[in-house]
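> Given the sequences, and given the hints that come with them, work out the whole structure.
These protein sequence lines are chains L and S, in that order. 225 is the number of the first residue of the first sequence in this note's numbering; add one for each residue after it. 261 is the number of the first residue of the second sequence in this note's numbering; add one for each residue after it.
Honestly, the hints are just simulated from the structure, not real lab data. Predicted model only: the values in this text are computed from it and were never measured. Any given hint could turn out to be false.
As the list claims (entries may be wrong) - Straight-line distance between alpha carbons at most 20 Å, and here's what the computed SDA-like set of lysine to any residue pairs gives:
(1) K227/L - E319/S
(2) K301/S - K276/L
(3) K227/L - Q302/S
(4) K315/S - P231/L
(5) K301/S - S265/L
(6) K276/L - T277/S
(7) K326/S - K301/S
(8) K301/S - H264/L
(9) K227/L - L306/S
(10) K301/S - T229/L
(11) K301/S - Y256/L
(12) K301/S - I263/L
(13) K301/S - R329/L
(14) K280/S - G325/L
(15) K301/S - T307/L
(16) K301/S - D235/L
(17) K227/L - E347/S
(18) K227/L - E364/S
(19) K301/S - V332/L
(20) K301/S - D306/L
(21) K301/S - S331/L
(22) K301/S - G325/L
(23) K276/L - Y256/L
(24) K301/S - Q269/L
(25) K301/S - P232/L
(26) K301/S - Q266/L
(27) K301/S - P326/L
(28) K324/S - T342/S
Unchecked claim - Which residues of chain L face chain S? A few of them, derived with a C-beta cut under 8 Å, are:
(29) A237
(30) F324
(31) P334
Said to hold, decoys possible - Using C-beta positions, here's what the derived DEER-type ranges look like:
(32) E323/S - L333/L: 40 to 48 Å
(33) S252/L - S314/S: 24 to 32 Å
(34) T296/L - F299/S: 23 to 31 Å
(35) T296/L - Q302/S: 20 to 28 Å
Ideal placement from N, C-alpha and C gives every residue a C-beta, glycine not left out.
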Amino acid sequence: DAKTTQPPSMDCAEGRAANLPCNHSTISGNEYVYWYRQIHSQGPQYIIHGLKNNETNEMASLIITEDRKSSTLILPHATLRDTAVYYCIVRRNYGQNFVFGPGTRLSVLP
Amino acid sequence: GAVVSQHPSWVICKSGTSVKIECRSLDFQATTMFWYRQFPKQSLMLMATSNEGSKATYEQGVEKDKFLINHASLTLSTLTVTSAHPEDSSFYICSAPGLAGGSEQYFGPGTRLTVT
Chain L
225 DAKTTQPPSM DCAEGRAANL PCNHSTISGN EYVYWYRQIH SQGPQYIIHG LKNNETNEMA
285 SLIITEDRKS STLILPHATL RDTAVYYCIV RRNYGQNFVF GPGTRLSVLP
Chain S
261 GAVVSQHPSW VICKSGTSVK IECRSLDFQA TTMFWYRQFP KQSLMLMATS NEGSKATYEQ
321 GVEKDKFLIN HASLTLSTLT VTSAHPEDSS FYICSAPGLA GGSEQYFGPG TRLTVT
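Here you go:
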């Protein structure tokens, strides 16, 4: 599975959009981009995933560049409860384990 | 969505004793489950893959005789930390693929193990 690169930390003001970038320049054609987050002392929580097209659900939007070498997770209206470590993971879409990098520690500030 | 539970949520044990952690898929069957370990301020690291009805597959550097995994049914996998030492203190998390094809994975809430 391709490796991902994320900034180690980011701040965001409460109520504003949080845009979390991820680089995956070695992604191959059959690999999906997944986003999970981990709130302190809890298990990771699924957020969203996509292959080529942009995706949106009740939690977030995922924007994938046309060349698929990078993506951005958007939390449209960040709240204090969105403070967590966000992991961007690239993986082929079958039941294998996930390889977690260090992620981005997002701090939502009041 | 699918739910994975873990029991206990936290445990404190003395050095040299063994501790069993359970991972259950509550509303779906899982022929495969994954066990991760997470040390403070670090990311999750895969320890082993638990396979229902067969032996677990361990990652390099993980002692299979120390971390015993049993996946006796389609909804339960257990991790037993034998002869625990303080350096085994960690956050242990299990996960299971959801529907066939494994689009998503569902993670348990984790078990905090402290060995004194």
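> Is the straight-line distance between the alpha-carbon of K301/S and that of S265/L 20 Å or less?
holds, 11 Å
> Does the alpha-carbon distance linking K301/S and Y256/L stay inside the 20 Å limit?
This hinted pair is violated, its Cα atoms lying about 27 Å apart.
> Quick one, are K301/S and I263/L close enough, alpha carbons at most 20 Å?
Holds, at roughly 12 Å.
> Decide if the proposed pair is consistent with the structure: K301/S and S331/L, CA atoms, cutoff 20 Å inclusive.
holds, 15 Å
> Is the hinted pair K301/S and D306/L satisfied, with a Cα-Cα distance of at most 20 Å?
Holds, at roughly 18 Å.
> Regarding the pair K301/S and G325/L, is the alpha-carbon distance no greater than 20 Å?
Answer holds: K301/S to G325/L is near 12 Å, not above 20 Å.
> With the threshold set at 20 Å, check whether the alpha-carbon distance from K227/L to E364/S stays at or below it.
The given pair, whose Cα atoms are some 19 Å apart, holds under the 20 Å limit.
> Does the alpha-carbon distance linking K227/L and L306/S stay inside the 20 Å limit?
holds, 16 Å
> Take a quick look at whether K227/L and E319/S sit within 20 Å of each other, Cα to Cα.
Measuring from Cα to Cα gives roughly 18 Å; hence the hint holds.
> Between T296/L and F299/S, does the C-beta distance stay in 23 to 31 Å?
With a Cβ separation near 29 Å, T296/L and F299/S satisfy 23 to 31 Å, so the hint holds.
> Given the hinted pair K276/L and Y256/L, is their alpha-carbon gap at most 20 Å?
holds, 8 Å
> Is the hinted pair K301/S and T229/L satisfied, with a Cα-Cα distance of at most 20 Å?
holds, 18 Å
Of the numbered hints stated above, those contradicted by the structure are hints 2, 4, 6, 7, 11, 14, 17, 29 and 31, listed in ascending order.
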